[in-house]
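Residue numbers (this note's numbering): 274 to 441.
Read the hints as simulated data drawn from the structure, not as lab findings. You may find that some hints are simply not true.
Stated by the list, open to error - Quick list of in silico lysine-lysine cross-link-like pairs, BS3-like style, CA-CA up to 27 Å:
| # | residue 1 | residue 2 |
| --- | --- | --- |
| 1 | Lys352 | Lys431 |
| 2 | Lys349 | Lys286 |
| 3 | Lys286 | Lys354 |
| 4 | Lys286 | Lys347 |
| 5 | Lys286 | Lys352 |
| 6 | Lys349 | Lys423 |
Model, not experiment: these values are computed from the prediction.
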Amino acid sequence: MRKSWGTTLVHLKAFINVFVLQGVLLFIISLPIMHSFTQATTGLQWWQLLGVMIWLIGFYFEVVGDRQLENFKKNKQNKGKLLTDGLWSLTRHPNYFGEAICWWGIFLISLTGLGNSWLIISPIVINLLLVFVSGVPLLEEKYKEREDFKVYASKTPKFFPIIGKKGL
Numbered sequence: 274m275r276k277s278w279g280t281t282l283v284h285l286k287a288f289i290n291v292f293v294l295q296g297v298l299l300f301i302i303s304l305p306i307m308h309s310f311t312q313a314t315t316g317l318q319w320w321q322l323l324g325v326m327i328w329l330i331g332f333y334f335e336v337v338g339d340r341q342l343e344n345f346k347k348n349k350q351n352k353g354k355l356l357t358d359g360l361w362s363l364t365r366h367p368n369y370f371g372e373a374i375c376w377w378g379i380f381l382i383s384l385t386g387l388g389n390s391w392l393i394i395s396p397i398v399i400n401l402l403l404v405f406v407s408g409v410p411l412l413e414e415k416y417k418e419r420e421d422f423k424v425y426a427s428k429t430p431k432f433f434p435i436i437g438k439k440g441l
């Protein structure tokens, strides 16, 4: 990446490409949370309770998926193997799926009315980043040549555990 920046103003280009981009994305993704702090509340609405339930499901996938991976890696007999049990049998990326679901829950929790529907930009951006830019594509690329991964990928949805055999 640095080679494509050239030698002129390399530090400024690095600052803009790395820190400013991340700052803008963080701002967009956190909009529902920031917006929630500016709104007066009159009690929970049904969609906010639904948001809490969705967030809990996402949190479960993220935490349990990470814990399963951590425990799998601790076992020396698993060195060089793929984790395909537990939540990892439902989706190849349960932790990233959980992260995405959490942000959909946060979006619903932050809604105080239809006028706030523009906040949907947050979960859309994080989902697009996880599925098409950072999390999933990097790991899929890393393992794509492994035979055991090819078998695993043919049987396990990439991201959404509920969309068919191959999923998204």
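Hints and how they fare:
no.: 1; hint: Lys352 with Lys431; result: holds, 22 Å
no.: 2; hint: Lys349 with Lys286; result: violated, 43 Å
no.: 3; hint: Lys286 with Lys354; result: violated, 39 Å
no.: 4; hint: Lys286 with Lys347; result: violated, 40 Å
no.: 5; hint: Lys286 with Lys352; result: violated, 40 Å
no.: 6; hint: Lys349 with Lys423; result: holds, 23 Å
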